[in-house]
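K.L.:
Listed below are the residues making up each chain.
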Amino acid sequence: DAKTTQPNSMESNEEEPVHLPCNHSTISGTDYIHWYRQLPSQGPEYVIHGLTSNVNNRMASLAIAEDRKSSTLILHRATLRDAAVYYCILRDLDYGGSQGNLIFGKGTKLSVKP
Amino acid sequence: GAGVSQSPSNKVTEKGKDVELRCDPISGHTALYWYRQSLGQGLEFLIYFQGNSAPDKSGLPSDRFSAERTGGSVSTLTIQRTQQEDSAVYLCASSPHWGAGYEQYFGPGTRLTVT
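These protein sequence lines are chains H and X, in that order.
Everything in the first sequence is counted per our numbering, starting at 1 for the first residue and increasing by one.
Everything in the second sequence is counted per our numbering, starting at 115 for the first residue and increasing by one.
These aren't lab readings, by the way, just hints derived from the structure by calculation.
Incorrect hints may appear among the rest.
[Unchecked claim] Over 12 Å on every C-beta distance to chain H, these chain X residues come out as not near it, computed from the model: (1) E128; (2) D138; (3) S141; (4) T184; (5) G185.
[To be verified] Simulated pairs of lysine-lysine, DSSO-like, Cα-Cα distance not exceeding 30 Å: (6) K109/H to K125/X; (7) K106/H to K69/H; (8) K171/X to K131/X; (9) K3/H to K109/H; (10) K129/X to K171/X; (11) K109/H to K69/H; (12) K106/H to K171/X; (13) K125/X to K106/H; (14) K3/H to K69/H; (15) K3/H to K171/X; (16) K106/H to K3/H; (17) K171/X to K125/X.
C-beta: ideal position from N, C-alpha, C; glycine also.
Bound conformation, chain H alone:
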């Protein structure tokens, strides 16, 4: 799977939007962009994923750059419960080259201040 780069940590204020960046300059045309988060003492939680177009769901929005070399996870109104480590993960659609498992990097630790 192609490599991603994320800031080690970010801070946000409660009820403000949060933009979490991810760089993936070596992304291939068949790589999906996935985001997961892990709250303290819990298992990872799926947030959102996309291929080329921007995506929205009840949790967040995913903005994908036109050249796909970067993406941004947007939390529209941060709450204290959103404090977690956020992982940006690329997954290759080429079945022959992947077991389909997720490869977690170090992620971005998001702190939310009241």
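For chain H, the structure is supplied; the task is to place chain X on it using the hints.
P.N.:
Coordinates of chain X only, in the frame set by chain H:
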């Protein structure tokens, strides 16, 4: 609907004993994955199933580890002759189908402590 469940939630065992960890995936999910996370570390992939079949077992850390899935549903991860380095949180995830375009839903994990 019901999410992925795992049992037991906590397991303390003596070195050298065998343990079985169970995963109940979301109903209808054909793909199932096992990971483990040691204290303060990232997630380590162990094995995945497409239906009842595990095409590649190379992620298992040693031959003391084995896993099976029956009826395309419940999966069991067995660790024989446990060692202290096996202590970790063992996480199971399921997905509607295997592959890059599908999300994975994780269970709460089983915390294994080998004394």
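K.L.:
Against each hint, give a clear statement of whether it holds in the structure.
P.N.:
Hints versus structure:
1. For E128/X, the shortest C-beta to C-beta distance to chain H comes to about 25 Å, beyond the 12 Å cut-off, and the non-interface label holds.
2. Every beta carbon of chain H lies more than 12 Å from that of D138/X, the smallest distance being close to 14 Å; the non-interface claim holds.
3. Annotated as non-interface, S141/X keeps its C-beta farther than 12 Å from every C-beta of chain H; the closest such distance is 17 Å.
4. With a minimum CB-CB distance of about 20 Å to chain H, T184/X clears the 12 Å threshold, and the non-interface call stands.
5. Residue-level check passed: G185/X sits 21 Å from the nearest beta carbon of chain H, beyond 12 Å.
6. Note on K109/H and K125/X: the hinted pairing holds, with a Cα-Cα distance of about 29 Å set against a maximum of 30 Å.
7. Taking the CA atoms of K106/H and K69/H, the gap is about 19 Å. The hint holds against a cut of 30 Å.
8. Taking the CA atoms of K171/X and K131/X, the gap is about 22 Å. The hint holds against a cut of 30 Å.
9. With a CA separation close to 18 Å, the supplied pair K3/H and K109/H stays within the 30 Å bound.
10. As the CA atoms of K129/X and K171/X are separated by approximately 24 Å, the hinted pair is consistent with the 30 Å bound.
11. A hinted pair counts as satisfied when its Cα atoms are at most 30 Å apart, and K109/H with K69/H qualifies at roughly 22 Å.
12. Distance hint between K106/H and K171/X is fulfilled; the C-alpha atoms sit about 25 Å from each other, no more than 30 Å.
13. A hinted pair counts as satisfied when its Cα atoms are at most 30 Å apart, and K125/X with K106/H qualifies at roughly 27 Å.
14. Between the alpha carbons of K3/H and K69/H the distance comes to roughly 11 Å, so the proposed pair stays at or under 30 Å and holds.
15. Of the supplied pair hints, the one linking K3/H and K171/X holds, its CA atoms being roughly 24 Å apart against a limit of 30 Å.
16. A hinted pair counts as satisfied when its Cα atoms are at most 30 Å apart, and K106/H with K3/H qualifies at roughly 11 Å.
17. For the given pair, K171/X sits about 24 Å from K125/X by alpha-carbon distance, which is consistent with the 30 Å threshold.
Consistency with the previously given hints is maintained throughout, with no hint failing.
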